[in-house]
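Engineer: Taken in sequence, the protein lines are chains A and B.
By our numbering, the letter at position 8 of the first sequence is numbered 8, and the numbering carries on one by one without gaps.
By our numbering, the letter at position 34 of the second sequence is numbered 1034, and the numbering carries on one by one without gaps.
These aren't lab readings, by the way, just hints derived from the structure by calculation.
Backbone N, C-alpha and C define an ideal beta-carbon position, used for all residues, glycine too.
Hints are supplied without guarantee of correctness; some may be wrong.
On the chain A side, residues computed to face chain B include the following (Cβ under 7 Å) [to be verified]:
| no. | residue |
| --- | --- |
| 1 | GLU42 |
| 2 | LEU43 |
| 3 | LEU90 |
| 4 | LYS101 |
| 5 | PHE104 |
| 6 | SER106 |
| 7 | GLY107 |
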Amino acid sequence: EADIYQTPRYLVIGTGKKITLECSQTMGHDKMYWYQQDPGMELHLIHYSYGVNSTEKGDLSSESTVSRIRTEHFPLTLESARPSHTSQYLCASSEWGGNEKLFFGSGTQLSVL
Amino acid sequence: QKEVEQNSGPLSVPEGAIASLNCTYSDRGSQSFFWYRQYSGKSPELIMFIYSNGDKEDGRFTAQLNKASQYVSLLIRDSQPSDSATYLCAVIYFGNEKLTFGTGTRLTIIP
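Use the sequences and the hints to build the structure in full.
Structural biologist: Quick look at the structure:
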């Protein structure tokens, strides 16, 4: 079954640790995105990719980085986590010419102590 | 002014009634319009999209687009408690292939 997967679902980690949030999709979508969302707040685009070896920063400044070595995989990395990074991180994908019909993963809730 | 504006609510509607959710956007160069539903603690899911002026119906949902007045609406007929969620309006602007989301309207259906 085609889907988009995020791991871990929940992550509690100490300040200064390096973390990688995983996102994989089996739909063959070229476009992938990372959004950040705090409870009751709007979605903020932090990174996106139009295909392999393509990565762009989104509208919200973020200290995270992303890579796109394979079409299906779009991991997000924080080199040194801080409490201000505590948030929900949502991965999404869409087709080219799909007019941005986004399919979202289940999200990763990150808490940095 | 935000590019996509929604009343944050909460909007309370009795079960069986019509829920009306509104969204205004700031740019006439917009292209496509989307409604996503997000249950508490869950990810958004696409429920409707509309490209042309007028109405588009899908089951109990109707999206209405008026480009001259720069608003898009979502009507939910025969509201059910399972419709209680936050509804996100999103717009794509010409020359920018990324979605711009509104802050969402929290809808509560009262049994």
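Engineer: May I ask you to test the interface hint for LEU43(A) with respect to chain B, counting a Cβ-Cβ separation under 7 Å as satisfied?
Structural biologist: With a closest approach of 5 Å, the LEU43(A) hint holds.
Engineer: Going by Cβ atoms only, is LEU90(A) closer than 7 Å to chain B?
Structural biologist: holds (6 Å)
Engineer: Please check whether GLU42(A) passes as an interface residue: C-beta within 7 Å of a C-beta belonging to chain B.
Structural biologist: Holds - the Cβ of GLU42(A) comes within 7 Å of chain B, reaching about 4 Å at its closest.
Engineer: Any CB of chain B closer than 7 Å to the CB of PHE104(A)?
Structural biologist: Check passed: Cβ of PHE104(A) comes within 4 Å of chain B, closer than 7 Å.
Engineer: Measuring from the C-beta of GLY107(A) to each C-beta in chain B, is the shortest one below 7 Å?
Structural biologist: Nearest chain B Cβ about 5 Å off; hint holds.
Engineer: Taking the least C-beta to C-beta distance, is SER106(A) closer than 7 Å to chain B?
Structural biologist: Cβ of SER106(A) sits 6 Å from chain B, so the hint holds.
Engineer: Minimum Cβ distance from LYS101(A) to chain B below 7 Å?
Structural biologist: Since the shortest Cβ distance to chain B is 6 Å, the answer is holds.
Violation of the numbered hints given earlier is absent; every hint is satisfied by the structure.
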